[in-house]
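Enquirer: Sequence:
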Amino acid sequence: MKKNKIIVGSRASELALTQTRWVIQCLKEKFPHIDFEIAEIKTIGDKILDKTLNKIGGKGLFVKEIEAALLQDQIDMAVHSMKDVPTEMTKDLVIGAITTREDIRDVLISKDGLDIVNLPLGARIGTSSLRRAAQLLNFRPDLQIEPIRGNIATRIKKIEQLGLDGVILAAAGILRMGWEDQITEYISTDICIPAVGQGALGIQVRSKDQEIIDMIKEIDDPAVAFCVNAERSFMRELKGGCHVPIGAYAWIDGEKLRMKTVVAAPDGKEQIKQEETSHPRDGEMLGIKLAVKSLKEGAQEILTRIEAGE
Numbered sequence: 001m002k003k004n005k006i007i008v009g010s011r012a013s014e015l016a017l018t019q020t021r022w023v024i025q026c027l028k029e030k031f032p033h034i035d036f037e038i039a040e041i042k043t044i045g046d047k048i049l050d051k052t053l054n055k056i057g058g059k060g061l062f063v064k065e066i067e068a069a070l071l072q073d074q075i076d077m078a079v080h081s082m083k084d085v086p087t088e089m090t091k092d093l094v095i096g097a098i099t100t101r102e103d104i105r106d107v108l109i110s111k112d113g114l115d116i117v118n119l120p121l122g123a124r125i126g127t128s129s130l131r132r133a134a135q136l137l138n139f140r141p142d143l144q145i146e147p148i149r150g151n152i153a154t155r156i157k158k159i160e161q162l163g164l165d166g167v168i169l170a171a172a173g174i175l176r177m178g179w180e181d182q183i184t185e186y187i188s189t190d191i192c193i194p195a196v197g198q199g200a201l202g203i204q205v206r207s208k209d210q211e212i213i214d215m216i217k218e219i220d221d222p223a224v225a226f227c228v229n230a231e232r233s234f235m236r237e238l239k240g241g242c243h244v245p246i247g248a249y250a251w252i253d254g255e256k257l258r259m260k261t262v263v264a265a266p267d268g269k270e271q272i273k274q275e276e277t278s279h280p281r282d283g284e285m286l287g288i289k290l291a292v293k294s295l296k297e298g299a300q301e302i303l304t305r306i307e308a309g310e
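At position 294 of the sequence shown the residue is numbered 294 (the working numbering), and the sequence of numbers has no breaks.
Hints are computed from structural coordinates only; laboratory data are not their basis. The structure displayed is predicted, hence computed values, not measured ones. Using N, Cα and C, we set each Cβ at its ideal position, and we do this for glycine too. Check before you lean on any hint, since a few could be wrong.
Claimed, not checked - In silico DSS-like pairs for lysine-lysine, Cα to Cα no more than 30 Å straight-line:
#, residue 1, residue 2
1, K217, K3
2, K64, K5
3, K42, K208
4, K28, K239
5, K208, K260
6, K28, K111
7, K239, K91
8, K3, K91
9, K111, K91
10, K91, K5
11, K28, K217
12, K260, K239
13, K289, K91
What the hints assert, rightly or not - Label-pair ranges, simulated between beta-carbon atoms:
#, residue 1, residue 2, range
14, I34, E160, 40 to 48 Å
15, G298, G163, 19 to 27 Å
16, R281, E29, 25 to 33 Å
17, A68, D253, 38 to 46 Å
18, L114, A12, 43 to 51 Å
19, A12, T277, 36 to 44 Å
20, K217, I252, 16 to 24 Å
21, A153, L121, 23 to 31 Å
22, G163, N118, 34 to 42 Å
23, K28, L121, 49 to 57 Å
24, V117, Q210, 50 to 58 Å
25, G178, K42, 19 to 27 Å
I would like the entire structure built from these sequences, with the hints used as guidance.
Expert: Here it is, written out as structure tokens:
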């Protein structure tokens with residue numbers, strides 16, 4: 001490889017930097033002669049913390065500034081949580097590799113060590129995700145959902161600061177930070193289907209930078225890529241984003257790719273769920289199929305009401 005120094009763009013949060021360092025470590029094992037430098041970039045999603053994500057608007061709240069740095073040749077690659085990456089890719093950029101996936105589930109961290117079933121009636125639960133809120137309300141309509149923002153440590157502290165009974169977070173972030181001892185319960189995907197791409201890291205590069213593309217392919221996990229691309233095709237077909245309670249989880253089951261999906265009303269009273277299988281290489285077509293089926297079975301009405309602000 002010609003380059004002997006690679007600049008890697010990352011969000012400036014502790015979790016994002018931990019994830020980026022992990023990717024760099026994987027690359028260093030393959031390319032020990034190359035020096036890697038992290039460029040910390042603050043995104044609009046990191047700057048505005050007093051509003052929920054759906055109120056900030058738009059897609060790509062955690063990637064736009066990083067993508068701009070890539071397009072301006074200020075960095076050579078970027079490490080993203082795939083659940084933050086819009087399904088419509090910015091022109092001249094590609095996700096060149098998707099790494100091994102961490103646990104995809106959501107987790108509960110509760111004040112008194114109680115699981116989701118045994119939380120008291122009317123328990124106050126903090127989450128920054130409309131998807132989590134909608135599915136939790138479907139399972140426990142009595143819960144009081146409190147919107148919270150900030151990094152993982154900040155959100156965990158909200159339990160004490162706001163007098164919450166617990167918070168719901170992604171298992172992947174907690175595990176990558178080494179804080180698994182704080183987890184009260186791993187929430188079953190029967191209750192809460194995760195966000196599209198949850199637990200997966202993607203490496204974004206310029207589409208014409210073949211040298212970098214060839215390098216990062218060394219740490220690409222094709223099986224994970226099949227799954228994440230299937231999930232993303234479901235969301236793309238629905239034209240959904242962070243302001244819509246959509247979940248999708250695909251996994252390899254023997255020789256098949258299995259995927260389950262959900263489109264939920266924000267109040268949790270309606271849920272359109274699907275589950276089917278395909279060949280792994282047909283995962284993107286499966287995602288489209290499940291999206292079309294969901295729309296016909298009532299998801300279109302839910303999405304229309306959400307868009308209208310109802």
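Enquirer: If you test the structure against every hint from before, which numbers come out violated?
Expert: 4, 5, 6, 9, 15, 18, 22
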